[in-house]
Amino acid sequence: MNERTARLRQESLDAIPSLDPERAQLMTAFYREHLGRHAVPVMRALAFKHLCEHKTVWIGAGELIVGERGPRPKAVPTYPELTCHSVEDLRILDTRPMTRYRVPETMVEAYERDIIPYWRGRSLRDQIFAVLPGEWHDAYEAGVFTEFMEQRAPGHTVLDDKIYGRGLRDFQADIAAAKAVLDFERDSEAEDKRSQLEAMDFSCEALILLAERHAMEAERQAAKAEPARAAELRRIAEVCRRVPAQAPRDFQEALQSYWFCHQGVITELNGWDAFSPGHLDQHLWPFYQRGLEDGSLTREAARELLECFFVKFNNHTSPSKVGVTAAESGTYTDFANLNLAGLLPDGSDGSNELTDLLLEIIEQMHLLQPSSNVQVSRKTPDAILKHALRVIRNGYGFPSLFNADTVVEEQLRQGKSLEDARAGGCSGCVEVGAFGKEAYILTGYFNLPKMLELALHDGRDPRTGRQLGPRTGDPATVGSFEQVVKAFETQTRHFLDLKIRGNQVIERIYATRMPVPFLSVLTDDCIRKGRDYNAGGARYNNTFIQAVGIGSVTDSLSAMKQVVFEHQTLALPKLVSALDADFRDQEPLRQRLLHKTPKYGNDDAAADDVMVRVFSFLFESIDGRPNGKGGAYRLEMLPTTCHVYFGQVCLASADGRRAGEPLSEGISPVQGADRCGPTAVLRSAGKMDHAKTGGTLLNMKFTPSLLEGEGGIERLQHLVRTYFKMDGHHVQFNVVTAAKLWEAQAHPESHRDLIVRVAGYSDYFCDLSSELQEEIIRRTEHDTFAS
Amino acid sequence: MTEEWTPIPAGKGRIFNIQRFSLQDGPGLRTTVFLKGCPLACAWCHNPESQSIDRELVTMEGRCIACGSCHGVSEPEACVDACPTGARQLLGRDLSVEDLVGEVLRDRLFFDESGGGVTLSGGEPLSQALFVLQALADLRRRGIHTALDTCGLGRRRDLLAAAALTDLVLFDLKHMNDAQHRAWTGTGNAGILANLEALGRVHGQIWIRVPVIPGVNDDAANLEATARFVARVPGVRRLDLLPYHSTGAAKFRRLGREYHLEQIPLPAPEHMAGLADLFRAHGIAVTVGGHP
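Protein chains in written order, with our numbering: chain A, 7 to 793; chain B, 261 to 552.
Be aware that one or more of the hints could be misleading.
Some chain A residues near chain B, calculated using beta-carbon distances under 10 angstroms [unchecked claim]:
1) Pro594
2) Leu599
3) Leu688
4) Arg727
5) Thr728
Think of the hints as simulated: they come from the structure by calculation, not from any bench.
The beta carbon of each residue, even a glycine, is placed where N, CA and C say it ideally should be.
Could you build the full structure based on these sequences and the hints that come with them?
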């Protein structure tokens, strides 16, 4: 970092997250006047244009890359057309101890006076909840599943290379060409397509207008600035007049063009995981090479621009939720995720000198956002992997590591072309997609251990006494392990069906009422098809359900199998009543379940075979079912932080877990259940057929002593390469001592900068809930076993 | 502690631990098989549970919740079964070569990737020589890199037969003075030194391992003598200085045995570096802690 970027970084760290009413007010005023006058896509595009025309333009002192979603850094807008905060929500956000957002009193007043009265009943969330069946609401409230699209729009989307060779004016030409060939005689959807294309065209104009307003602001500031800064500002003005309208000509323009597109996507709606530039090292490589060749760029100048670019990501705190509990995903990060290395579309190694430069920046900037990952293929040089591991060793939890070859294989299985698959990668936490060509939508987490709990109670939720699922038999009548598994499968199938039924409704509502014309411009083949991203316009459309707690449910089933059916030391009804009583007065039983039964994560077939069986059942039950966009449902094994919430809604379980404690996360073993070291964990996890998923998440924790020196780096490298040989999808490492975590918990004030890997992303340890903190501490410390 | 004398069934080996992701017993990521039974009784032994070839019933005190489940259960296996927490453990598992090989092969992909393999350690593997020879032969047939970690004391022909079947020999040297050796390990060093000389003539991959125990064997005179001796053995490729650590203490207590080295300080890194230089002066490739 130089003086400029060190200062920008510090300002970003010091900025306090707040909510800002500007967007909500502009949106409300626009809707009041225009609703009903235009076709829906046009209405949305004009609303977007209204925002671009009137939002406050911010250019901070010393910035080289410009553009803020809100009127200043970390000022987060709201999206009342999608989900409208109540006054109580705003008050809680302003006062809760964790991931707090300051809310100005003027905003609360504006909400009370204008915004809430207008949007109540009109917001998409209200519309969705009104049409979902009662059964769906019951399951949702019981913690059977969550629903992503009730608060934020479909997202997890990543840009490909399309904006580096072309500008929005070129896309407008494509739009005009698509309009010109509409067949109004034979295509009954031609008019819909026309308004969709018109909306896309408006949205391009809107973003070009926003860029022009930044150019004007830069010139305004230049008039008053000292000469050196004035020159920079004049250059910024020039850049903003060039991009995103036209193709970028150099490194700075390339970064700025992306950043305007990023602004456009996250201003238009609050899609999940913001937006990501994808293979940044690959996309920037031609500009970097050319700049070095013609002398217009140096490595240090590129570093400075990239560091300015990183600060912009960090300035963008995630949109806050409504119905606030923070339990589901309490974090400021918005999950933008850079892909490094990987493969080129022709199958050759995609790493270059910028991969190393970006890794250096990731290490030195040490920011919460953007998150980063390295796509490791068979062709990725060891030097790149080792560089990544040296950054990981610092203990920030990133970059995470993905198996680029498996990422391609997963996509080929879904029917994508080889080139599109290679140009794809991962976003959010671990989700796989074809960048710039796919709507790959996460729909919500699914609570697997809750399914077993229901199966053991004849479909009744023991927490509430309500009959939630189908009646699959009283435990007293269950005579075999097969019957337990069948009951578990019946419950799972029932609630997956219910979840998918809900999703179909929600997808349809988005498709018809909440199009995203600007994102559609950026996503192939929306222009060619004249269809919106939310309505199946993308070339590929996959919808994911994320299963949570496979470790917990595996250990519970394998424990039951052994204790109840093989050793027959305990009858099933007795076990169930012990679970209902949270093992009260039955500690020896709990200990036996904890310590003497087969556990996933130890390379023990007695447990791992159960895992494979549960996984296969989930796959069969989900994969390939049609979604509303011409695509299919897919399985994902990802928890984010939902395993904590799902644990809270489950009673004690047969793996010895007490009521309310967190479930296992991702495909990691139950916290502390793996006793045979990291190779056994990787072997167990490798028994899952990763290629059949859209992503799996494996978290491992190492103490620094194990990773000392080059030997430590080589050991990690061998573990990663071997896991990837087994087709493992992803692995990430927490490198920190338990003692340090305890210390941070006791004295948060002196450990505010402690970043740990949570689940697919990194977060400040002190911002996590105490449950999550303790869970991270409990995750097995894989250390060497000096015997 | 209860010692339980049960004969090892024919064709089986008695193993007290199989350690995966083992990093200090040869190159790469390894699986180390610890066999029970050792002719030495080193005061600092970090695996005292490996010394006796008998099975031993122990209590891991940290795990015991005093539930009383094992009270009045005298038969060791029943006692282990009765314990819900895993605090009561019977050390010593009898495995066939086939079962052992099946278990260690699980990490084969890790071996391939890292240039690792399997290390047979102990205890003293040569105290179960027939089993060790069969296991080494089986692993060699499957193309697995093997190492034999020996205290050096055993029948010469067993050692040489095992050496012929293994890629690497890790050979411990504790003290060059016979009387001191006897005082600290219970046995003199003559047989060990003679075995090393014989081994050095037929095997080209020997790593010498010297545990550095402050006040016991870390004086310059002993280490000079060690260096001079080792420098003459042709097959020696490197020498690892292994700094003393006190993890054996808790294990001695768990076995109900006395640990005589409680007050020994851990060797300082500078001290270890100085000792390493002493060996380098003799042209010996040396590491501290086994990490080059």
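Structure-based check of each hint:
no., hint, in the structure
1, Pro594, "holds (4 angstroms)"
2, Leu599, "holds (8 angstroms)"
3, Leu688, "holds (8 angstroms)"
4, Arg727, "holds (5 angstroms)"
5, Thr728, "holds (5 angstroms)"
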